[in-house]
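Asks: Letter by letter, the chains look like this.
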Amino acid sequence: MNDARSSDRAPGSRSAPARTAPVVGRASVLASQIAVGAALLAVWQTLVSLKILDAFFVSRPSDIVQRVARWMASGTLWGHLAVTLEESLLGLIVGAALGISLGFALARSPFLARVFDPYIKMLNAVPRVVLAPLFLLWFGLGIWSKVALAVTLVFFVMFFNTFQGVRDADRVLIDNVRMLGATERQLVRHVLVPSALTWIFSSLQTSLGFAMVGAVVGEYLGATRGLGYVISQAEGTFDTTGVFAGMTVLGIVVVIVSAAVTRLERWLLRWKTE
Amino acid sequence: MMTALELDRVSRDFTSPDGRVYRALDDISLSVPAGAFVAIVGPSGCGKSTLLNVVAGLLPPTSGSVRVAGESLEGLNRHATYLFQQDALLPWKTVRDNVALGLALGGARRADAQAQADAWIARVGLAGFASHYPAQLSGGMRKRVAMAQNWILDRGIVLMDEPFSALDVHTRQRMETELLALWEGRAADGRSDAQRKTIVFVTHDLEEAIALADAVIILSAGPAARVVAQHHVGLERPRDLLELRTQAPFVDLYRGIWAVLREEVIKSQRGAV
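Top to bottom, those sequences are chains A and B.
Take 1 as the starting number for the first sequence in our numbering and just add one per residue.
Take 275 as the starting number for the second sequence in our numbering and just add one per residue.
Simulated from the structure, these hints should not be mistaken for lab results.
Do not take every clue at face value.
[Unchecked claim] Distance ranges between label pairs, derived from CB positions:
(1) B:334 x A:114: 23 to 29 Å
(2) A:28 x B:442: 36 to 42 Å
(3) B:287 x A:114: 24 to 30 Å
(4) B:334 x A:111: 18 to 24 Å
(5) B:504 x A:98: 57 to 63 Å
(6) B:337 x A:97: 43 to 49 Å
(7) A:134 x B:337: 57 to 63 Å
(8) B:393 x A:206: 41 to 47 Å
(9) B:399 x A:33: 44 to 50 Å
(10) B:428 x A:110: 56 to 62 Å
We put the beta carbon where it would ideally sit given N, CA and C, even for glycine.
Okay, chain A solo, but in the shape it has when bound (with noise of 0.2 Å):
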């Protein structure tokens, strides 16, 4: 009846074409990435050189690897470097514990989904930007009304991505694993757990970006610390090559921890494909 997996394969074979396409280009790609970014900084550096456009409004590349390496060399950038990171982690661990467990719970209980479900659509389409005052009244200046904006964010792509998760849970595979003896208990931890989990770790690399978006934007409204804080304090001074080094750190910041990221995912959903 299910014709699309009709035939019988040989193992694997469906996960081929994924499997042989990065092994043939990795090394051609990372390559192409090098040379764009290259270009475009060359290009950059020249046109600046060449005064077609002012380096008092867009810096040098030169100029900002300098001041990363001075920031480096000097010791204060990895004491701003750790209060983002920091912030950036408290934010997704309770943004990811409230929004998963809501998630949960609303998914479970459809008339609990239904009374919430306008609570939800409307507070999710609060600018974040807007709160951030609130925040810094309720929590001071400090990391905490940074974590709270950040979990604005999380919390709203952890509930989704759960909710989704435990609704979309195969109706067969649970009603399996209720022929095959489970209690309620034993069907939430072996079935929707489970899949409520995948779609949990899919949005990993979306929540993670969100909880560094929220802990910048906090501290560049207001804080002593943290890359935003020091980005900010840039832009007051006319700096644009302070706020060019922040950004760049954040970028390089971002590029490794989803690496990072990347790697766990692929790890915890092995099962997937292999």
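Using the hints, position chain B against chain A.
Replies: Just chain B, lined up with the frame of chain A:
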């Protein structure tokens, strides 16, 4: 002979979102003797799966009653396991954990459950695949795992919903042969006939039904499916499924039963157009 399963005037209705009532099963009575292999055949969409779900206890009947081993069925049928048409293995568990799942849910010690699972994995011909995930297996291999997952619980009744319909012809024939070997106890443990499991096997393929079963029950075209006829299949066991289908007794049976089923298939096609 003991009766394993008895349906007494079972009907099942469904209500569509716009409030209309749709009758899937209408007044179905049948009884299955313990240790028998019964096939239920009917045109597509006639409610065969619904019937199996009612017997499994996954769907309560709207009226009528199901009796299992003489007792009225309340909730899930704990005397039965269910091999679904779709893939029902947990994709995040390895073959070993999938096969051991029923034992683990019942509170068996992990080491015991895994040892038994390994024995069953070997028995269905998948030794060496215990640590694989379902996505790494072919469709036929996944069906073997599902069979082991069911049979390891050693319940008296096995419900099967078109279990091999998604497989190609050759894999399918092999799986049918292995199913019979498992059921007849030819494989390993030398059970006597008295301890054979009762199998209720749903299929739309009459050939498969006759080749495997002791009795074939024909359902009418849906909606409101009824039992149209019951045929006894007296073919000798063990059966050689590779030869059986071309032999005279099989062909005669097929002709006789097809004459009945044909009417229902035509009705169902008329309804579909």
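Asks: Against this structure, judge whether each hint is valid.
Replies: These are the hints, each one checked on the structure:
no.	hint	verdict
1	B:334 x A:114: 23 to 29 Å	26 Å, holds
2	A:28 x B:442: 36 to 42 Å	39 Å, holds
3	B:287 x A:114: 24 to 30 Å	26 Å, holds
4	B:334 x A:111: 18 to 24 Å	22 Å, holds
5	B:504 x A:98: 57 to 63 Å	59 Å, holds
6	B:337 x A:97: 43 to 49 Å	48 Å, holds
7	A:134 x B:337: 57 to 63 Å	60 Å, holds
8	B:393 x A:206: 41 to 47 Å	44 Å, holds
9	B:399 x A:33: 44 to 50 Å	47 Å, holds
10	B:428 x A:110: 56 to 62 Å	37 Å, violated
Hint compliance for this structure: hint 10 is the single one not met.
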